[in-house]
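A.B. asks: Generate the whole structure from the sequences, applying the supplied hints.
These are the residues of each chain, in order.
There are 4 protein chains.
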Amino acid sequence: MSESFAEIAWGLAAIAAEFHSRGWVLGTSGNLSAVVERDPLRLAITPSGVDKGALQADQILSIDEDARMLSSSPGKPSDESPLHVRIAKEREAGAVFHTHSVWSTMFSDLHFAEGGLAIEGYEMLKGLEGVKTHEHREWIPILENSQDMWKLADSVAEILKQHPHAHGFLLRRHGLYAWGKDSRQAKWHVEILEFLFETLGRTRSMDRIQ
Amino acid sequence: MSESFAEIAWGLAAIAAEFHSRGWVLGTSGNLSAVVERDPLRLAITPSGVDKGALQADQILSIDEDARMLSSSPGKPSDESPLHVRIAKEREAGAVFHTHSVWSTMFSDLHFAEGGLAIEGYEMLKGLEGVKTHEHREWIPILENSQDMWKLADSVAEILKQHPHAHGFLLRRHGLYAWGKDSRQAKWHVEILEFLFETLGRTRSMDRIQ
Amino acid sequence: MSESFAEIAWGLAAIAAEFHSRGWVLGTSGNLSAVVERDPLRLAITPSGVDKGALQADQILSIDEDARMLSSSPGKPSDESPLHVRIAKEREAGAVFHTHSVWSTMFSDLHFAEGGLAIEGYEMLKGLEGVKTHEHREWIPILENSQDMWKLADSVAEILKQHPHAHGFLLRRHGLYAWGKDSRQAKWHVEILEFLFETLGRTRSMDRIQ
Amino acid sequence: MSESFAEIAWGLAAIAAEFHSRGWVLGTSGNLSAVVERDPLRLAITPSGVDKGALQADQILSIDEDARMLSSSPGKPSDESPLHVRIAKEREAGAVFHTHSVWSTMFSDLHFAEGGLAIEGYEMLKGLEGVKTHEHREWIPILENSQDMWKLADSVAEILKQHPHAHGFLLRRHGLYAWGKDSRQAKWHVEILEFLFETLGRTRSMDRIQ
Chain H
1 MSESFAEIAW
11 GLAAIAAEFH
21 SRGWVLGTSG
31 NLSAVVERDP
41 LRLAITPSGV
51 DKGALQADQI
61 LSIDEDARML
71 SSSPGKPSDE
81 SPLHVRIAKE
91 REAGAVFHTH
101 SVWSTMFSDL
111 HFAEGGLAIE
121 GYEMLKGLEG
131 VKTHEHREWI
141 PILENSQDMW
151 KLADSVAEIL
161 KQHPHAHGFL
171 LRRHGLYAWG
181 KDSRQAKWHV
191 EILEFLFETL
201 GRTRSMDRIQ
Chain Y
1001 MSESFAEIAW
1011 GLAAIAAEFH
1021 SRGWVLGTSG
1031 NLSAVVERDP
1041 LRLAITPSGV
1051 DKGALQADQI
1061 LSIDEDARML
1071 SSSPGKPSDE
1081 SPLHVRIAKE
1091 REAGAVFHTH
1101 SVWSTMFSDL
1111 HFAEGGLAIE
1121 GYEMLKGLEG
1131 VKTHEHREWI
1141 PILENSQDMW
1151 KLADSVAEIL
1161 KQHPHAHGFL
1171 LRRHGLYAWG
1181 KDSRQAKWHV
1191 EILEFLFETL
1201 GRTRSMDRIQ
Chain F
2001 MSESFAEIAW
2011 GLAAIAAEFH
2021 SRGWVLGTSG
2031 NLSAVVERDP
2041 LRLAITPSGV
2051 DKGALQADQI
2061 LSIDEDARML
2071 SSSPGKPSDE
2081 SPLHVRIAKE
2091 REAGAVFHTH
2101 SVWSTMFSDL
2111 HFAEGGLAIE
2121 GYEMLKGLEG
2131 VKTHEHREWI
2141 PILENSQDMW
2151 KLADSVAEIL
2161 KQHPHAHGFL
2171 LRRHGLYAWG
2181 KDSRQAKWHV
2191 EILEFLFETL
2201 GRTRSMDRIQ
Chain S
3001 MSESFAEIAW
3011 GLAAIAAEFH
3021 SRGWVLGTSG
3031 NLSAVVERDP
3041 LRLAITPSGV
3051 DKGALQADQI
3061 LSIDEDARML
3071 SSSPGKPSDE
3081 SPLHVRIAKE
3091 REAGAVFHTH
3101 SVWSTMFSDL
3111 HFAEGGLAIE
3121 GYEMLKGLEG
3131 VKTHEHREWI
3141 PILENSQDMW
3151 KLADSVAEIL
3161 KQHPHAHGFL
3171 LRRHGLYAWG
3181 KDSRQAKWHV
3191 EILEFLFETL
3201 GRTRSMDRIQ
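Chains as they are written, first to last, in this note's numbering: chain H, 1 to 210; chain Y, 1001 to 1210; chain F, 2001 to 2210; chain S, 3001 to 3210.
Watch out, some of these pointers could steer you wrong.
[What the hints assert, rightly or not] Straight-line alpha carbon distances no greater than 25 Å define the calculated SDA-like cross-link-like pairs of lysine to any residue that follow:
(1) S:Lys3076 / H:Glu129
(2) F:Lys2132 / Y:Gly1023
(3) F:Lys2151 / F:Gln2056
[What the hints assert, rightly or not] Listed next, the stretches of chain S that the computed footprint assigns to chain F, with coverage defined by at least 3 CB atoms under 8 Å from CB atoms of chain F:
(4) 3114-3125
(5) 3129-3135
(6) 3142-3153
(7) 3195-3201
[Said to hold, decoys possible] Here's a subset of chain Y near chain H, in silico, CB distances under 7 Å, partners left out:
(8) Phe1005
(9) Thr1133
(10) Thr1203
No wet-lab data here; the hints were simulated from the structure. We put the CB at the ideal spot given by N, CA and C, even for glycine.
C.D. replies: As structure tokens, this is what we get:
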């Protein structure tokens, strides 16, 4: 692991600010984490209840694999820390980002009954890890939302096992989780999936009736 | 009260610029205030007729509970000062923000006949003060617009009493008022409610006919 | 006249950059002018064929009432200079701004057959010079587009006489002209009218069928 | 050729950042090139797999007419380098930009069956090289997407010969290619075409049913 905690934290704060300016983590929504050490697992994570547009690197917290705070910094880790830990483990992800955009919130609801949605045939899919052609079909599972984060983490782990190739999932009326081998790739995955939701959404707004 | 007037004013100017860049306070629309002293009540408030994208902290004015200017600075307080004062009192709010976005303007008109609109089941609601679960149902009252700001302030006070749990209200074809215990929380409340209006608006544009 | 040419030019460049970031003057579209002297008339104006996002104050040109260059600077004044001169005269405007946004382009086409469109009942209208209440009805004339700028300037002058209270007009499939007593007010008028077109456009996209 | 490689590279990085902020080159999508020398042909081009919002000038690579790297810098040229080289040759373009926006992706799909789409009667068209009036009719060819970039480059060359006046083309579900005599003009062409797609898209979302 070549990056220090300070560098990782700085990167998370920069990405949080960019996502905030796009309207993807408004209010206190959204949270971002990155793996600092793999064994034992240690994550840098955004604190709960902060403005992602004004977040400073020194507010980033450190948690262990049980989502317990390791640092004695002020602040408390995101409520959704258990999901970050679980995804980091299941996918061996280096970074886990949760956005809460308008379009991802909409699709998490519109396709909930089918358990997910498929996106297929777009060049943009090629930016996802391991995808070599636009002919790829990406299945994005949708889970029911819950306030019991440990239970939700179990559901997430199960879904990730069922869909070993998925690059992200939606929580109903709650938004998107995506990840990558590092912060750079996780950011690309978020941008790619958000782009695709917007493209599908605008297409559907236009063509639904014809 | 730990923040000085200068710090509060600086914060209001920064938030005004951010809201302006999002298109929520275009032209001379929108106004922001924060409580400097509670007893006697003293508010920092944006002046009337300024570009919120270029507002400087030293342009922020000071008013009392009758919306009279306390400072001898150039400029005059927002015409809507009586609403700010009333909300600060009724809700014991530390900050009151009024935005004038496209989506809030639209919803203030579309649901006027029903006296308000309900938003329910979105995770984003959890960012509102006191809301613990996405299963919350938020009722956002809508009032008729008026140019008589003291009369409008009375109507607002009445509506706030009728809906003691409301986190914001709409003025018809005029936009959103939201507040919080401080500027930070009031900003979150604005972002959350604006996000929800946009989500409902885009969903309705997409699904209305099916 | 208290502002120097340099200050006016700096202001126009700053506004051009802001409009560009909003997507209102993409490509080489849009142009901005401000009166430097009233008698004889002398305007500062953006040059033809420049990126409004990268325009520097020292690129702003000086023209007379016949739209002839006064300065020996490189560059040539906007092709639409005759319109700026005419509006500055007819309205005694201190600044004239032409934007070319998506929504203004759409409305310039959708309501062309009726010769204009009315906007009524929005609080945002109160930001227009001389408007005291949201109950105001603003008529925005629409003119056929042309490449003969002197002929178009004559049509504009005629329309301005017919509608002495109009704060702006549209050129068909070409965009918006608005003005004000100075750059600050002209900018507000642009923001206000652009806001109203977007609001009407999104409302119509949502409700047309019900 | 008056610009040095360093100046050209700096310009490409600045434009890439601006396009990224508009959401036109999200994820790892999009690529930009500019001609450094004409004979033998030498292009500056954005590397493969980089964040266009964080791209630095010293990451820009140099390639020859066979899309082979000339510099020993780290990084590898965009996979789509063969298309850039071919367009630079066929059109004698000084810069070739590929964006991947939501609206261009949508139109590349919606009009694929007709082999392209016509845009006519908009003032914005006048910003395209050689277009003197808004009465111009611009035909934008659409090609099937492919992962075989050399084969795709051949199809592109053929389409460019068939449509000698086209200022851009679309790849199906993949986005827009546009070019110009230099980076400045290529940027204008991208902004103009993206504006027109958005205008057509929003008009169609609004009026389709009436």
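A.B. asks: Going through the earlier hints one by one, which of them does the structure break, listed in rising order?
C.D. replies: 3, 6 and 8
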